[in-house]
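**Student:** For the protein sequence lines, the chains are A, B and C, in the order given. According to the numbering used here, the first sequence is numbered sequentially starting from 45. According to the numbering used here, the second sequence is numbered sequentially starting from 35. According to the numbering used here, the third sequence is numbered sequentially starting from 69.
None of these hints come from the bench; they were simulated from the model. Bear in mind that the values here come from a model prediction, so they are computed numbers and not experimental data. Heads up, a few of these hints could be off.
[What the hints assert, rightly or not] Cut-off 25 Å, straight-line C-alpha distance, at most; resulting in silico cross-link-like pairs (SDA-like, lysine to any residue):
{"id": "1", "chain 1": "B", "residue 1": "LYS156", "chain 2": "A", "residue 2": "SER63"}
{"id": "2", "chain 1": "C", "residue 1": "LYS353", "chain 2": "C", "residue 2": "GLU415"}
{"id": "3", "chain 1": "B", "residue 1": "LYS92", "chain 2": "B", "residue 2": "GLY103"}
{"id": "4", "chain 1": "C", "residue 1": "LYS197", "chain 2": "B", "residue 2": "PHE78"}
{"id": "5", "chain 1": "C", "residue 1": "LYS316", "chain 2": "B", "residue 2": "LEU184"}
{"id": "6", "chain 1": "C", "residue 1": "LYS71", "chain 2": "B", "residue 2": "GLY168"}
{"id": "7", "chain 1": "C", "residue 1": "LYS255", "chain 2": "B", "residue 2": "GLY207"}
[Said to hold, decoys possible] Sample of chain A residues with no beta-carbon within 12 Å of chain B, all distances over it, derived:
{"id": "8", "residue": "LYS51"}
{"id": "9", "residue": "ASN88"}
{"id": "10", "residue": "GLY162"}
{"id": "11", "residue": "ILE318"}
We treat Cβ as the ideally placed atom computed from N, Cα and C, and that holds for glycine.
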Amino acid sequence: MSKRRIKSRMLHSFLHDPSAIVGFVILVLFIAAASLAPLITPQNPYDLETLTLEHFLTPPIWMEAGQAPYLLGTDDQGRGIFSTIIYGCRTSLFVGFSVVLIAGTFGVIMGLLAGYYGGWIDAVTMRLADTLFSFSTTLLAFLFLGISGGGSILIVILAICIAGWVRYARTMRGSVLEVKENAYIMAAKSTGAGDFRLLVRHLLPNAIPPIFVVLAIDLAVVIMLEATLSFLGVGVPLTEPSLGMMISIGKNYIYAGMWWMIVFPGAALILLVIGINLFADWLREELNPKIQRKA
Amino acid sequence: MATYIARRLIQGIVVLLVASLLCFIVFRFMGDPVVTLAGRYATFDQMEEVRRSLGLDKPVYVQYFRFLGNVAQGNFGISYVTRVPALGLILERFPATFELATTAVILSFVFGVALGVLVALKPYAVRNRLIMAGSLGGISIPTFLMGILLIMVFAVYLGILPPFGRGETTQVGFWRTGFLNINGIRHLILPAMTLAMYQLAVLLRLTRAGMREVLTEEYIKTAWAKGLPPRKVIFKHALRNALIPVITITGLQFGELIAFSIITETIFQWPGMGNLLLTSIRENDQPVIVTYIMLAAVVIITMNIIVDILYAVINPKIRYE
Amino acid sequence: MKKTFYLLIVIAVAVMVFGSSGSVLAASSLVVAQDVAPRMMNPHGDDSDAGLQYMANFFDGLLQRKGPDGTLAPALAERWERLDQLTWKFYLRKGVKFHNGNPFTAADVKFSFERLSNPDVSEFINTGKSIAGVETLDDFTVVIKTKEPIPWFANNMHQVFIMDKESTESRDPGDVMVKPIGTGAYKLVEWVKGSYVRMEANADYWEGAAPLKTVEIRPVTEASTRFAALASGQVDIVTGVPVELFDKIVTNPKLDVVSRPARRSIFLALNNKPGSPTADMRVRKAMYMAINEDEIIEKVMRGHAAPAAQIPDPPTIGYNGNIQRLKYDPAEAKKLLKAAGYENGFEITLSGPNDRYVQDAKIAEAVAKYLAKVGIKTKLDVKPKSIFFPEVTEGKLDFYLIGWFDGTFDMGRTYFKLAHTRDQESGHGVFNGAAFSDPDIDKLLQSTADIVNPQERGKVLQQLNKMAMVDKIAWIPLHYQEDLYAIQKGKGINFKPRPDRWMVYKEISK
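This is chain A alone, in the form it adopts within the complex (with noise of 0.2 Å):
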């Protein structure tokens, strides 16, 4: 089928899917709230020079203690609970696309590889991934994380790619294995093409369709597993917003009756991920060609 009809038939089906498009267009919103994030939040929670003390631990606005402009409340630096969620979500929304960009390529190419030439490439690559796969990119950030003591966005960035690469590489590899012995790519190899040239230009374009799809739900894994970081302290430094570490100030509230400093962060966390979710979900489904759809 021409890529253009795969196009038009997925976008036909994306179209007629209700919660694929909710889900998309939730992830468009999050993308385009953390993105004008100094334009549509009242403070950068952030910034030393713009804090304050002055409103400590004041619940939601259309609670009686509440202060205008916190309209969700304030946690107990003063800061907005509304805008810290909105720069947390840039912080969050960040680590996942870098990821999903750093450790994507690297296991994309690992995986390219180790398909196309086989022999002790693929057993070493695959080795590797095994290993890394069983402890789990969850157990190995945050070790790594732990036991070095963190320190940065960039930090937390890698502790996490250590592992993440793994899924790329695997799913990759098997999709080069089925389409390695097509007719088309054979027909290229007769022609005398060479071999970045083939991997490249023909392999790669035509093995990478599954990639998508854990694309998608990494991108989902990877804010949780930052949320996570952050909550146990081990995530992004005291400094950065995070969605986790502002959820983990909350927990020592609840008690108080507090209980803004964590519903809302939460909300907009689980709401995040939901529609990343809903997406990768609409995405597996198009791709998967096991599975008979109603005409």
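Starting from the structure of chain A, add chains B and C where the hints point.
**Tutor:** Quick look at chains B and C alone, frame taken from chain A:
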């Protein structure tokens, strides 16, 4: 087969060596444990003496080889914080973690698979949508948030379940269990639910997808056509085939289980191995950290080998040279 | 299949509803949720107050400090004398028995003190190594000689606990770490690590059996969880109440708050290396004046702190009531900075622990904020104390937050560790993390080393204190913490907090 296992074991040992070596190297850049060990009022010279007596003044590789030598004799070092053997300290907490993790795994497996089968087989619109929506929530709520929300609802607002600790436990031989009294079981409920939720949702979706795939296969339809009762068909063929990826994933996700149990134990102050790891990292108790990592590695590698063997047993088409 | 499913759900709900109480409150006379867990039952292995307080129940020292004032009183020694600059004589109490029946004699004292310098089992290395020898004149008289004059030696004797020589030597070292055998008011019944410590009163205690027969301590490190335990009636007393939950307790009719000013003061240390901005007195003054301590006390500490103008607290020898805080004046601070040539401010890193003092990380954040407002761009570097304190001893920090209180009630000891120029040979300045160095302070401090008379010490130390805080601004003092506890009302709990924050159960009654 035997050579395959031997090879895997050797690979496992390599992993252990690499992991422990990495630890030693990273420790160099962490805080100096001698400061706390020598006490607040020690002078520089006294600190150096303590450093020498603990062998911490030697270069990294010397310390590392001494460590390996000790490990070969079963000595994993003495905890800096509690001055007792690190291995014993960790294993002491094994029953707590084991009971929590096993309960969670059983919960997630039983309910995840059962609900997954239910949703795949009996397509009753409203109920299915609810369950699937629930599963979407389950994979979108990180474990720590689930734990906190459960605490907020059941412990703070409703006040019917305890929010921390293991409660009353009874000592049976060398095993300290919480199963033998109501108080212990009540303390287990929230942590187990927290730990189980994510996996439950994942297994639910996986089972449903697997069942749907298999149910459309030709041989199922043939069996139906032959008149075999549906229940038999389902359980003998569909479920068994759908379960293969489920089992592989559960078995291979031990690293995840360990990581999430650390998180759960921290939130609920559950006195298990994961909780100990977190406090050891904070206190810079290096012997305990290294020992824990090696133990975790051993468990994960063993589980991998077991899963591989089971997989070969279930699916005779696989052969290992 | 369906039916069993629903049945299981019904059973589960029943378990939740019926297993309502299940606490062992009835079994123990008192249940306490403490904020720190014991690391081991070896009384020399942990020199932190958090650990020593547990030991104070199972063991006795030669002397003790009696709450609620912390006055030094006899314990296993009935009286003591200082024979000369280096020699201390203790007359031991007769007829005291260890928990295992062994009689207490001078041999146990000698054994305990000699054990202090063994790094495998002791963190009291400094105390151990500063002793030249322990002589037992007879079964109930001990003479201890120190290598150098230590004016505060006796003041420290409440922290050195006496162990039973015979059983400590004959037992497996692992057993010594988990089973305490002392002469103390309580015997250990059970220690389930991470869950609880149960103890019962020693009926043969030399001071008379303690009023509370059985005590259960539940270490709960999470502050909000401690509060939950109290609010749900599971525990009688809670230590280390977090400041943010204070209001909740005050408004709860079933709970009572008990508080007392802490001895610990929190302050900021600055380096004064030539060439760095903080070497200029004007800059130091500016930074002092830029910080709105009243707001920190009000907002970050929620009112539970008292402003400090110096490091020692009132009962300490060396406390000088004439020292005042500099006023909060950011405009003046900016002027001073401009005069010093830093009109556009400068950059500095503020280090500190995030798990040691009340609201430590939050205080650091607030300080950074105030400094930013006068143009000093402050980078925050907070980390766990296990990494932070070693950095302090390395002396490479520029600017950090720290707290201190000295159990000996003598400022001299503190200053040798904090203020004196770092000196490998003499061992001074180990906790002088910013390598602050001032020859005048060093000289005056060294002159106090030989003065043993408390009045004379007081005079010189007060002078030194004033020099350090007013003339040199060696540190920027912030506040004294407040120790907050909460108890169940209506149970007749008679609890008066000690100045050192120790929970000594023989002093509590119901």
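**Student:** For the pair supplied as a hint, LYS156(B) and SER63(A), is the alpha-carbon distance within the 25 Å limit?
**Tutor:** The hint holds at about 22 Å.
**Student:** For the pair supplied as a hint, LYS316(C) and LEU184(B), confirm whether the alpha-carbon distance does not exceed 25 Å.
**Tutor:** 22 Å, holds
**Student:** Run the C-beta distances from ILE318(A) to all of chain B and say if the shortest one exceeds 12 Å.
**Tutor:** Incorrect as stated: the minimum Cβ-Cβ distance to chain B is 4 Å, not above 12 Å.
**Student:** Can the restraint linking LYS71(C) and GLY168(B) be considered satisfied, given a maximum Cα separation of 25 Å?
**Tutor:** Distance ~22 Å between LYS71(C) and GLY168(B) Cα, so the pair holds.
**Student:** Checking one constraint from the list: CA of LYS255(C) to CA of GLY207(B), max 25 Å. Satisfied?
**Tutor:** 24 Å, holds
**Student:** With a cut-off of 25 Å on the C-alpha distance, tell me whether LYS197(C) and PHE78(B) pass.
**Tutor:** Holds, at about 12 Å.
**Student:** Hinted pair, alpha-carbon criterion (25 Å max): LYS92(B), GLY103(B). Please report holds or violated.
**Tutor:** Roughly 15 Å between the alpha carbons, so the hint for LYS92(B) and GLY103(B) holds.
**Student:** Using Cβ atoms and 12 Å as the threshold, tell me whether LYS51(A) really stays out of contact range of chain B.
**Tutor:** Consistent with the label, LYS51(A) stays out of reach of chain B, its closest Cβ about 25 Å off (over 12 Å).
**Student:** Examine each Cβ of chain B, and state whether all of them lie more than 12 Å from the Cβ of GLY162(A).
**Tutor:** 16 Å, holds
**Student:** Would you say ASN88(A) is clear of chain B, with no C-beta pair closer than or equal to 12 Å?
**Tutor:** Since the minimum Cβ distance to chain B is about 25 Å, ASN88(A) lies beyond 12 Å and the statement holds.
**Student:** Between the alpha carbons of LYS353(C) and GLU415(C), is the straight-line distance 25 Å or under?
**Tutor:** 17 Å, holds
The structure does not agree with numbered hint 11 stated previously, though it agrees with all others.
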